[in-house]
Amino acid sequence: MTSRSAASLRVVSDPRPPPILPSPVLGMVIFVIAEMMMFAGLISAFAIVKAGALGWPPPGQPRLPVEATAFNTAVLIASAVFLFVANGRYGRDRERAKPPLFAAMGLGAFFVAFQGYEWVSLIRQGLTLTSSNHGSFFYLIVGMHGLHAICGLAVLGRSAFKLSRGRLAPSSFAATQVFWYFVVGLWPVLYAMVYL
Amino acid sequence: MRGLRAAIEVALAMVTLLVPGIAAACAVCFTGREDEARIAFLATTGLLSALPIVLIGSLVWWLRRRARQIREERD
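As given, the protein sequences belong to chains A and B, one line each in that order.
Each step along the first sequence adds one to the number in my numbering, with nothing skipped, and position 111 is 111.
Whatever position you read off the second sequence (first residue = 1), add 196 for my numbering.
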């Protein structure tokens with residue numbers, strides 16, 4: 001091998017320092033900040049309308065299932081705990097991270113399904129998007145969170161698929177966790193505001 | 197005559213300035229629970245004003261702290 005060809009093969013070390021925060025995580029954090037502002041706007045509008053109302057829920061409107069949703073809240077928090085466990089195992093043995101990751105997905109799916117079941121029973125009782133301000137805000141705020149939970153499940157599913165194929169990058173998994181922790185962390189706030 | 201016209205114009209201007217005070221317009225007073233609504237309005241205004249500063253400020257603070265840590269580990 002000539003000296004010229006050897007020089008062309010020499011690997012040039014990257015002089016740039018490693019990123020402070022991987023790009024997928026930074027992007028997800030910025031996205032979550034934007035989403036938090038959107039939910040803050042919805043909560044603010046709801047708080048003003050609720051404070052100005054003579055009775056809440058308005059007369060003739062069904063009461064929300066507080067106890068059943070408290071149980072569902074616990075289920076969602078448990079899914080975050082399983083994701084936390086999966087993250088701990090992912091650092092040591094990726095194979096062992098699969099069961100808690102699938103458990104987190106299963107619990108998240110249960111949360112969404114239970115919310116759907118709740119919605120059906122509330123619609124049957126007469127709480128609809130147009131029945132009152134109560135119904136409008138309930139379906140808007142809880143529905144928006146449910147939409148995020150479904151997107152979170154899709155992201156968790158993507159991570160689980162990549163993990164089973166052995167192709168899950170740590171930065172991608174971290175970004176998934178940021179989004180799911182946002183979905184889980186936001187829910188108790190919405191529960192306290194809307195249900196209690 | 198010009199003095200009278202000027203006086204009328206000034207009087208009209210004064211009346212115009214006083215009208216909004218009489219109306220006492222309030223964006224959140226519509227049910228008789230003005231105090232609760234006003235408190236909610238102020239609290240949510242504070243929340244919406246502070247939240248972006250807190251969130252973005254926290255992110256920038258954390259990034260700076262992490263950058264300093266990385267620099268110290270390298271040196």
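The hints are simulated quantities; they were obtained by calculation from the structure and are not laboratory data.
Hints may contain errors.
[To be verified] Only some residues are given here: those of chain B computed to face chain A with a beta carbon under 10 Å: (1) Gly199; (2) Glu230; (3) Asp231; (4) Arg234; (5) Phe237; (6) Thr240; (7) Leu243; (8) Leu244; (9) Leu255; (10) Trp257; (11) Arg262; (12) Arg270.
We put the CB at the ideal spot given by N, CA and C, even for glycine.
Cut-off 10 Å, beta-carbon criterion: hint that Thr240(B) touches chain A: 3 Å, holds
Interface hint compliance - Arg270(B) to chain A, C-beta minimum distance less than 10 Å: 7 Å, holds
Status of the Phe237(B) interface restraint (C-beta, 10 Å, chain A): 6 Å, holds
Gly199(B) as chain A interface residue, shortest Cβ-Cβ below 10 Å: 50 Å, violated
Status of the hint placing Asp231(B) at chain A (closest C-beta pair under 10 Å): 9 Å, holds
Cut-off 10 Å, beta-carbon criterion: hint that Glu230(B) touches chain A: 8 Å, holds
Given hint Leu243(B) near chain A, where the shortest CB pair must fall under 10 Å: Result: holds, 6 Å to nearest chain A Cβ.
Interface hint for Trp257(B), Cβ within 10 Å of any Cβ on chain A: 12 Å, violated
Status of the hint placing Leu255(B) at chain A (closest C-beta pair under 10 Å): 6 Å, holds
Restraint satisfaction for Arg262(B) [CB to CB of chain A, less than 10 Å]: Hint holds; Arg262(B) Cβ to chain A Cβ min 5 Å, cut 10 Å.
Proposed interface contact between Leu244(B) and chain A, which counts if any beta carbon pair is under 10 Å: 6 Å, holds
Hint check, Arg234(B) versus chain A [nearest Cβ-Cβ separation less than 10 Å]: At 8 Å from the nearest chain A Cβ, Arg234(B) passes the 10 Å test, so the hint holds.
In the structure shown, a violation is registered for the earlier hints numbered 1 and 10, in ascending order.
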